[in-house]
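J.: Those protein sequences? They're chains V and U, same order as listed. If you read the first sequence in this note's numbering, its first letter stands for residue 154, the second for the next number, and so on. If you read the second sequence in this note's numbering, its first letter stands for residue 268, the second for the next number, and so on.
Calculated from the structure, these hints are not laboratory results. Note that this is a predicted model, so its numbers are computed, not measured. Fair warning: there could be bad hints in the mix.
[Claimed, not checked] Below, a list of computed lysine to any residue pairs in the SDA-like style, where the Cα atoms sit at most 20 Å apart:
hint : chain 1 : residue 1 : chain 2 : residue 2
1    : V       : 203       : U       : 312
2    : U       : 426       : V       : 628
3    : V       : 335       : V       : 311
4    : U       : 522       : U       : 507
5    : V       : 203       : U       : 302
6    : U       : 426       : V       : 631
[As the list claims (entries may be wrong)] Listed next, with one range per pair, are the computed distances between beta-carbon atoms:
hint : chain 1 : residue 1 : chain 2 : residue 2 : range
7    : U       : 289       : V       : 408       : 30 to 40 Å
8    : U       : 335       : V       : 653       : 56 to 66 Å
9    : U       : 332       : V       : 233       : 31 to 41 Å
10   : V       : 270       : U       : 332       : 36 to 46 Å
11   : V       : 340       : U       : 330       : 43 to 53 Å
For every residue, glycine included, the Cβ atom is placed at its ideal position computed from N, Cα and C.
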Amino acid sequence: MKSAGSPIPSSEQRGAPARTIAIKQVARPASAGAANDTRGSEVIESLYAKRIEIYPRTQIGDSLAWFQRWRWILVWITQLVFYGLPWLNWNGRQAILFDLAARKFYLFGLVMWPQDIFFLTGILIVAALSLFLFTAVGGRLWCGYACPQTVYTEIFMWIERRIEGDRARRMALDRQPWSARKVALKGAKHAAWIAVALWTGFTFAGFFTPIRTLAVAAAGFHTGPWETFWILFYGFATYGNAGWLREQVCKYMCPYARFQSAMFDRDTLIVTYDTERGEPRGKGSKTNDRRSRGLGDCVECSLCVQVCPTGIDIRNGLQYECIGCAACIDACNWVMDKAGLPRGLIRYATTNSLQSHFGAATIVRRILRPRVIVYTSILGAIIAGLVVAIAVRVPLKVDVIRDRGALAREVSDDRGNALVENVYRLQVMNTSEQRRVFSIRADGVSGLEVASDASFEVEPASTMSVPLRLRAPATLDSGSHRVVLELQAQDDASVRVREKTTFLGLRR
Amino acid sequence: MSDFYSGFWDYYVAILSLLSIIGCAVFLKAQSKRRVALKASGEPETTDHVWDGDLREYHNPMPRWWIALFYLTIVFALAYLVLFPGLGSRFKGTLKWTSVGQHSDEIKQAEAVYGPLRARFLEQPLPAVAADARGREMGERIFLNNCAQCHGSDAHGSKGFPNLADAEWLYGGEPEVIEASITNGRQGAMPPMAAAVGGPEDVTDVAHYVLSLSDSAHDSVRAARGKAKFAACAACHGPQGKGNPQLGAPDLTNKIWLYGGSVATITETITKGRQGMMPAWKGVLSDAEIHLVAAYVYSLTHSGNAAAAVEK
Numbered sequence: 154m155k156s157a158g159s160p161i162p163s164s165e166q167r168g169a170p171a172r173t174i175a176i177k178q179v180a181r182p183a184s185a186g187a188a189n190d191t192r193g194s195e196v197i198e199s200l201y202a203k204r205i206e207i208y209p210r211t212q213i214g215d216s217l218a219w220f221q222r223w224r225w226i227l228v229w230i231t232q233l234v235f236y237g238l239p240w241l242n243w244n245g246r247q248a249i250l251f252d253l254a255a256r257k258f259y260l261f262g263l264v265m266w267p268q269d270i271f272f273l274t275g276i277l278i279v280a281a282l283s284l285f286l287f288t289a290v291g292g293r294l295w296c297g298y299a300c301p302q303t304v305y306t307e308i309f310m311w312i313e314r315r316i317e318g319d320r321a322r323r324m325a326l327d328r329q330p331w332s333a334r335k336v337a338l339k340g341a342k343h344a345a346w347i348a349v350a351l352w353t354g355f356t357f358a359g360f361f362t363p364i365r366t367l368a369v370a371a372a373g374f375h376t377g378p379w380e381t382f383w384i385l386f387y388g389f390a391t392y393g394n395a396g397w398l399r400e401q402v403c404k405y406m407c408p409y410a411r412f413q414s415a416m417f418d419r420d421t422l423i424v425t426y427d428t429e430r431g432e433p434r435g436k437g438s439k440t441n442d443r444r445s446r447g448l449g450d451c452v453e454c455s456l457c458v459q460v461c462p463t464g465i466d467i468r469n470g471l472q473y474e475c476i477g478c479a480a481c482i483d484a485c486n487w488v489m490d491k492a493g494l495p496r497g498l499i500r501y502a503t504t505n506s507l508q509s510h511f512g513a514a515t516i517v518r519r520i521l522r523p524r525v526i527v528y529t530s531i532l533g534a535i536i537a538g539l540v541v542a543i544a545v546r547v548p549l550k551v552d553v554i555r556d557r558g559a560l561a562r563e564v565s566d567d568r569g570n571a572l573v574e575n576v577y578r579l580q581v582m583n584t585s586e587q588r589r590v591f592s593i594r595a596d597g598v599s600g601l602e603v604a605s606d607a608s609f610e611v612e613p614a615s616t617m618s619v620p621l622r623l624r625a626p627a628t629l630d631s632g633s634h635r636v637v638l639e640l641q642a643q644d645d646a647s648v649r650v651r652e653k654t655t656f657l658g659l660r661r
Numbered sequence: 268m269s270d271f272y273s274g275f276w277d278y279y280v281a282i283l284s285l286l287s288i289i290g291c292a293v294f295l296k297a298q299s300k301r302r303v304a305l306k307a308s309g310e311p312e313t314t315d316h317v318w319d320g321d322l323r324e325y326h327n328p329m330p331r332w333w334i335a336l337f338y339l340t341i342v343f344a345l346a347y348l349v350l351f352p353g354l355g356s357r358f359k360g361t362l363k364w365t366s367v368g369q370h371s372d373e374i375k376q377a378e379a380v381y382g383p384l385r386a387r388f389l390e391q392p393l394p395a396v397a398a399d400a401r402g403r404e405m406g407e408r409i410f411l412n413n414c415a416q417c418h419g420s421d422a423h424g425s426k427g428f429p430n431l432a433d434a435e436w437l438y439g440g441e442p443e444v445i446e447a448s449i450t451n452g453r454q455g456a457m458p459p460m461a462a463a464v465g466g467p468e469d470v471t472d473v474a475h476y477v478l479s480l481s482d483s484a485h486d487s488v489r490a491a492r493g494k495a496k497f498a499a500c501a502a503c504h505g506p507q508g509k510g511n512p513q514l515g516a517p518d519l520t521n522k523i524w525l526y527g528g529s530v531a532t533i534t535e536t537i538t539k540g541r542q543g544m545m546p547a548w549k550g551v552l553s554d555a556e557i558h559l560v561a562a563y564v565y566s567l568t569h570s571g572n573a574a575a576a577v578e579k
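Please model the entire structure based on the sequences and the hints provided.
T.: Structure follows, in structure tokens:
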């Protein structure tokens with residue numbers, strides 16, 4: 154819920170308590186179960202209400218409006234990446250493939266192993282901090298333009314509009330009794346939705362199992378049980394979220410919507426209605442006439458409400474339901490143009506700019522405030538660290554496992570010298586995509602040498618268990634000695650790993 | 268059943284579980300409605316919660332289908348309790364699920380996958396399995412899990428546990444003998460020989476003689492004295508000290524020592540005797556597993572020519 158610092162205390166104008174928040178006044182629907190049981194001055198009401206279907210209007214004017222165009226650009230970019238990436242090949246394999254069964258994650262030239270989970274953590278931290286940064290500067294940019302929930306809803310609403318028509322026609326259709334035409338329209342819509350949803354589920358599964366093989370299997374309806382499950386699961390999730398749940402996901406499920414207020418401040422750009430300029434609202438578009446009647450610029454066309462995908466009235470101020478898609482800005486600007494009034498009655502603005510009447514220059518200058526600077530520098534440092542860590546990453550991992558059954562054993566070499574021998578097993582992970590020969594050296598005790606094969610070959614992107622015997626003169630002190638093993642690829646000296654372990658002398 | 272177990276607890280668990288579920292349903296029902304003061308129309312509807320004196324929250328009801336999800340969890344809980352044993356141990360659940368049953372099902376599934384593979388190797392002669400990379404790999408896994416504790420993960424053994432990677436065998440290195448050693452185990456017993464040899468000095472003399480057999484560093488005078496007393500040892504180790512694979516008596520003419528080749532250790536061996544014990548793996552490992560691990564052990568000393576022998 155909104156904090157006390159919530160921008161735009163619009164409730165003041167409605168005579169509500171000064172600090173009432175969160176922020177929407179609900180028109181009490183008759184179905185909300187109110188006033189069944191009136192007892193004196195009290196009523197019993199349900200804490201749950203039937204969801205009221207929202208019919209967002211998506212077509213204003215003939216061409217795509219400014220922010221609408223941006224939303225579509227983002228839809229195209231994100232979806233080209235999502236649907237296209239799994240088809241991309243790299244060095245004869247799928248460029249992006251998260252092979253969970255083999256625990257190998259292919260990202261273009263990189264092969265990540267479960268041991269590299271560190272990098273995933275880094276990427277998640279970068280993602281979270283980016284969200285903080287963008288939110289502090291520009292509000293819910295993620296929600297409005299890039300979140301899959303928004304993007305798929307956008308796609309599904311486009312299908313809906315192509316089949317059933319825009320807002321007014323959809324509302325009329327839903328009011329009609331069932332008829333052959335209604336069944337045909339609804340059937341066509343759901344069929345198209347399901348087709349997109351299945352393609353989405355298929356693509357999603359294609360990130361985890363080679364998509365070309367999967368495509369052949371899917372074409373013949375013989376995908377494996379888990380493949381089938383995940384295709385249907387993600388298909389169903391897409392269909393349910395983008396077709397049926399829509400704004401409810403943002404309003405009731407998404408945690409980000411709920412804690413965004415902690416990331417906003419009075420210099421955050423948010424979608425706002427300029428109350429001072431707009432009020433008092435009233436119909437009539439002749440500018441001179443409006444002035445004489447003492448009206449503000451809001452012509453009460455209600456388009457901003459009609460286009461809202463979450464069904465709110467932005468004129469009531471910032472609300473937690475607002476996903477910042479800027480559809481109302483587009484609608485209002487179109488109306489202002491028609492009415493011959495200046496644009497920007499609803500616009501991206503900061504709370505401070507509305508109160509203190511800043512210009513755009515001040516808004517931009519205020520972006521560089523401590524919060525933004527701190528977010529940016531932490532983000533920059535982590536990105537730099539991540540890039541460096543990936544760049545210097547060695548495609549070789551080694552685990553040293555000492556034999557536990559026998560600690561040290563006495564052996565003799567060809568010349569009959571008494572030696573002490575320790576046995577290890579090396580778990581050698583060649584995480585590169587080429588077959589490599591590695592050689593072992595051991596250091597740390599005088600006379601220490603490798604008695605087993607000093608070099609061995611490991612297949613590309615695979616693990617090998619290598620027995621290792623180290624020998625030192627039997628005169629070595631009893632007890633534990635620190636030794637260092639060094640494995641190095643013979644074809645590339647930079648592929649080198651040093652591992653510490655212990656070498657035990659004979660007990661005396 | 269344990270002495271501390273009484274049938275009371277079955278009812279206790281069952282009643283407590285069911286009461287909790289019913290309690291949840293009642294609580295859910297009760298909390299889905301509230302009594303509020305009637306407000307003048309036009310006054311915004313709030314939750315009536317007030318923080319910090321004047322901070323209020325508008326009433327934004329959840330969609331009605333949301334509460335259905337809560338009721339769904341109650342249905343799920345009841346269905347689970349019907350299907351699975353959750354109400355004490357008296358009621359087994361209609362699926363008759365047990366953790367033991369699940370385990371044996373999984374073993375059956377694994378057997379269905381690996382059984383035919385093992386059966387195929389069981390039919391092949393040992394050198395052929397040893398020549399097969401897959402067979403060696405399976406054998407090595409079995410070795411690491413069962414044998415490496417004593418023989419070392421590299422199979423080179425340690426004090427008292429023979430090296431399996433050299434050409435020296437206590438009981439013989441033929442395929443059948445290796446398999447027999449694993450299947451039935453071995454009891455390697457050397458009795459204390461001090462009394463048979465003589466006094467402590469005589470034991471040391473024999474130790475030097477034993478060292479001389481393998482051309483190891485020794486005192487030739489003592490060795491010469493010990494030679495005569497070695498007759499007591501010859502019953503098992505043979506007059507030349509060549510050992511006897513029938514008894515598992517080691518060959519003393521090479522520089523391979525099971526317990527150590529110093530004068531002190533050999534003296535200790537003669538004085539106190541040695542008890543070596545290789546457990547029998549029959550019953551622990553299946554015939555096919557024994558065959559595979561024997562093939563792995565065989566491959567350690569027959570890596571090159573085993574493959575060639577099979578191809579011929």
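J.: Are the Cα atoms of residue 522 of chain U and residue 507 of chain U separated by 20 Å or less?
T.: holds, 15 Å
J.: With 31 to 41 Å as the target window, see if residue 332 of chain U and residue 233 of chain V comply at their CB atoms.
T.: holds, 34 Å
J.: Within 20 Å, alpha carbon to alpha carbon, are residue 203 of chain V and residue 302 of chain U?
T.: holds, 19 Å
J.: Does the Cβ-Cβ separation between residue 340 of chain V and residue 330 of chain U fall within 43 to 53 Å?
T.: violated, 25 Å
J.: Do the alpha carbons of residue 426 of chain U and residue 631 of chain V lie within 20 Å of each other, as the hint requires?
T.: holds, 16 Å
J.: Given the hint of 30 to 40 Å, check if residue 289 of chain U and residue 408 of chain V actually sit that far apart at their C-beta atoms.
T.: Holds - the Cβ-Cβ distance for residue 289 of chain U and residue 408 of chain V, about 31 Å, lies within 30 to 40 Å.
J.: Hinted pair, alpha-carbon criterion (20 Å max): residue 335 of chain V, residue 311 of chain V. Please report holds or violated.
T.: holds, 18 Å
J.: Can you confirm whether the C-alpha distance between residue 426 of chain U and residue 628 of chain V stays at or below 20 Å?
T.: holds, 18 Å
J.: Is the hinted pair residue 203 of chain V and residue 312 of chain U satisfied, with a Cα-Cα distance of at most 20 Å?
T.: Given that 20 Å is the threshold and the Cα spacing comes to 17 Å, the pair holds.
J.: Is the gap between the beta carbons of residue 270 of chain V and residue 332 of chain U within 36 to 46 Å?
T.: holds, 37 Å
J.: Against the range 56 to 66 Å, how does the distance between the Cβ atoms of residue 335 of chain U and residue 653 of chain V compare: consistent or not?
T.: Roughly 58 Å apart at Cβ, these two residues keep to the hinted range, so it holds.
Violation of the numbered hints given earlier is confined to hint 11; every other hint is satisfied by the structure.
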